[in-house]
Amino acid sequence: MKNIAISLFFALFCLHARAQKAVVPGYQGKRFNVEITANYFPALNNLTAKHRAFPILSDAEETSYGAFNARYEASLSYAVRRRLTLTADYGIGKTGFENGAVVFSDGTSGNGFYAADFKTLGVGLLIHGQRRWGLAPIGPYWGIKVMRTSAKGTLKEISDPVTGYSWVKLSELANGDISIGGDEDLKDSFFNLGVTFGTKRVLFDKLVLNLGFNVNFVGMNGLIADFYGYEQKEVMIASVQKSYTANVHIGAGYLF
Amino acid sequence: MNIKILSICNLSFCHKFNLVAVSVFLLLSTRLFAQQIDFFNYQPLRSQGQIPKEVLTASSVKYKSDLKKISEKDSRNERKAKQRFYLESNFVIDDLLRSGYVLFNDPLGVYVTAVAEKLLEGDEVSRKRLKFYVMRSSDVNAFATDQGAILVTTGLLSQIENEAQLAFILAHEIVHFQKKHTIDMFIEVDAIDRGVSKNYVLKKSTFDKDLIKNSYSRDLELEADKDGLARFVKTKYDILSVDGVFDVLAYGHLPFDDRKFAVSYFENAYLKFPTDYTKSEIRAIAAVDDDTDDSKSTHPNINKRRAAIAAALASVSPEGRSKFLLPESRFREMQQIARFEVPLLSLHQEQYYRGMYEAWLSLQAHPNNFYLQKTILKGIYTASKYRNNGQKYLAKVDSIEGELQGLVYFIEKLNNADLNVLAVAEAWRLHRMDVKDEEVAIMANDALKELFFYHFEDLSSFSKEKAAQAQPISETVVPEENAQTPDTKAGKGKMEKIREQKKAEKKTEKSSVLMSSALAPYIDGDDFQKAVQTAQEAAKKREQRRKHYDSDEGKRALRREQLVMKKKGRRLNIQKVVAVNPFYINLDARKKNAVQFEKSEASQRLFSDILKTNAQKAGLKLTVLDVEDVKPTDVEKFNDIALLNQWFSEQVNFENLSITPGFRQTEINAIAQKYDTKFFCWTGVLSMRGRKNPSVYLTALFGPTVWPFLAYYAIRREYDCLYYNLVYNIETGGFDSVKFEYFNTADSKSLLNLHTYDAFLQIKSK
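First to last, the sequence lines map onto chains A and B. Per the numbering used here: the first sequence = residues 857 to 1112. Per the numbering used here: the second sequence = residues 143 to 908.
Possibly wrong hints are sitting among the right ones.
25 Å max Cα-Cα, derived DSS-like pairs, lysine-lysine [what the hints assert, rightly or not]: (1) A:K886 x B:K763; (2) B:K195 x A:K1062; (3) A:K886 x B:K733; (4) A:K886 x B:K682; (5) B:K710 x A:K886; (6) B:K709 x A:K886; (7) A:K1062 x B:K754; (8) A:K1062 x B:K414; (9) A:K886 x B:K446.
Hints listed in this document are in silico derivations from the structure and should not be mistaken for laboratory results.
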């Protein structure tokens, strides 16, 4: 990750040196933009922890950061050409549900806890539509982004022994209860792809307001707990690979 | 470039001018300075001395001041109508006064004021309130504004026969001002439109309303005639001259004189035109029906006006009166000036034949006058450029009345090649007369380039020997080998005939034996030969370029160039630019009166600041020439802006002809030197708040899926914004459209900053 970050900044430096020769207006010559962006609800296909870790759960009390797509990003963007902005960003996100009651899809209940932290490092290209008045780095844009996500998850599941579901990994405890899954640390690193649309407006010739909508295609195979049976895990992976998040974003930035 | 759009300056002006038409009365209806006018080296009129303060005062300030005149006793609707009148009239009239078409302290204006003073003797109040100006226009017109400006066009001054006629016209306009006819008419029109006029039994149709409005206007005109005559009669002006005013007005669409045009003007020792180049039968000037139905006119017909005048004058003795109260020589001199002004203005207004003919008419009184001959040359040169560019004719011979038809007939009889040869011959004749004249030199060289690009490869057709053998064109139009009997022609197929016809036409274009003698006087000159060589090379390059861009490879290269330009901008490598009168107009299509005058004025100021700030940031040296910044003592700057705007408007009219030289090019070149750059930009913004289309909401019937989009449509404000920035090399007429963009968004400050900086960066970058 560190190497990727260093490479990105080096690439930006080189591009800047090269772009000096081109006629890239920026906003009154300002071509850099640092920005904090929040990806929020309302969102479509809002992936939550219960879907991610326990697809057969019908309900679980989500934590305040329950949805995976509630993410925050800090980004640095740079106008490399008249209509093109290159962005590099670092994002964080969390998902999980409370340590408490969960309801299975057959109506029975149990106890459960799940938490996962995500860190993403991504690069993207934003293309500003001159016909829609924008010129990098301001105005309407659409873009693509490639992210490398590192995720760390913790899973803990305790349930009534009578449940006896076949998908849980069983182990008998000393007191006669049966732990299903126990604590499990999950780790994963994966690439994911996003597309984004939006518009950036300037306030007071320096501040940037970024509003838009984005769709991220996400895969988190590694965050699927081992306690699923092999066949079910395959099904889960297939499901996860097709999943996406879609949400609105709002950001505030500074031009320089 | 799609410069047509760019006629946004002109469009806006026209729009505004329409409003002027509502708020002023048009009358279809001058002691010069002591110094002698040098007519031989004539210089077109310019404003002099101090620019009147009221012209430079912000329109919004005047408007606010005028609002105090509205009485609380007026009805609500009347108050609203007056408010709108003061708004529109202040802004529109100021626009006109600042346009540069209106002159200040010029010899004609001084003369008109002197005549007006005769009328205003003993009326100190009116003397203080009224200002008399001359407007540069070939139209025959005069009008008064509610603010007290009375404007008379140079076209009118060129046509009136004596001082008494001018005095009557001024008296008529003074009444319009004194009786407040402009605001009266505005309020009445408003009342008629709303169906609440007290003066008429109102009918509902628009047609009926228009008739009633015209009728009201005619009443006011008759009142202005009657009261104006009363003022006129108090002076010692000749009352018999008044009748002639109506003839001047009725025939104002014709040139100021009607004399048989002599084609010998274009002849030289080698070139003689055969008799069939002179039109034997000229279409007589059609008599205007003095008793025409005037129900659709804002002015009474001439018979009615004459009758009213005659009745009023019945008891007035013509004895002891004179056509001239000021020395007649002053009138004659004023008239000469007006007649020197009008031809160039006609050319400027794209009336090329009329401009040439009027210059030729003045030339009869001033033989060998260089200025007038140059004006004729400009006409010939421009006509030739148009014709080379594919425009078949500039006027239909049969539609012309009077002796002007002779000139039109002559030019239209020449084919494109011959007309081009004539332009070269004329240009070189004048160039030999004054080699220092820049405009003539440019035309001489450019006409030669056109000749070699469009018609000839070399000068072999123009040797003196050929000239000696010259036969009248009429005998050589169809070359021998193409002459066919009807029988042989009948035996050929349709396409074959068409192809042969085309071939014959093409040959005819190039086989003008008569015109081969036109260049004989110049052909041996070293300067001419040198110019020919340069022109041939330029034409060759131009032809190569044309072929290149016509080829597949060229088209690909052009696409690549356009792509690179789109990605990297124009990169003009210009370090210093002058922005002329930045233009800004805010419109609101949702309102009946779409122009947002006050907002436009404020936006224009802001836009000027945006230009300056962004030029500084982009490292571009920028001077903004804005009438808003002109001080009363800064008449030179005012003249520069006026001249540049007129030059620009002419360039826009010429579209892609790249006519050089432009309007008063020598003066334009001097301006380029003064500002130390030949690059001038015209930039502006047109922003319009649009209407929503109610039928869009019907799509709600398609179900909830479309409702969010409709909700967005409902809350979204509709805006259209056009931003342009054109950079001209004012010495050559070449231009680059750095920005010509339409945005579907509001004209926010950040949007303007973004694109202004981009435009300036493109201008400056290598």
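field: Violations among the numbered hints
entry: 2, 3, 4, 8, 9
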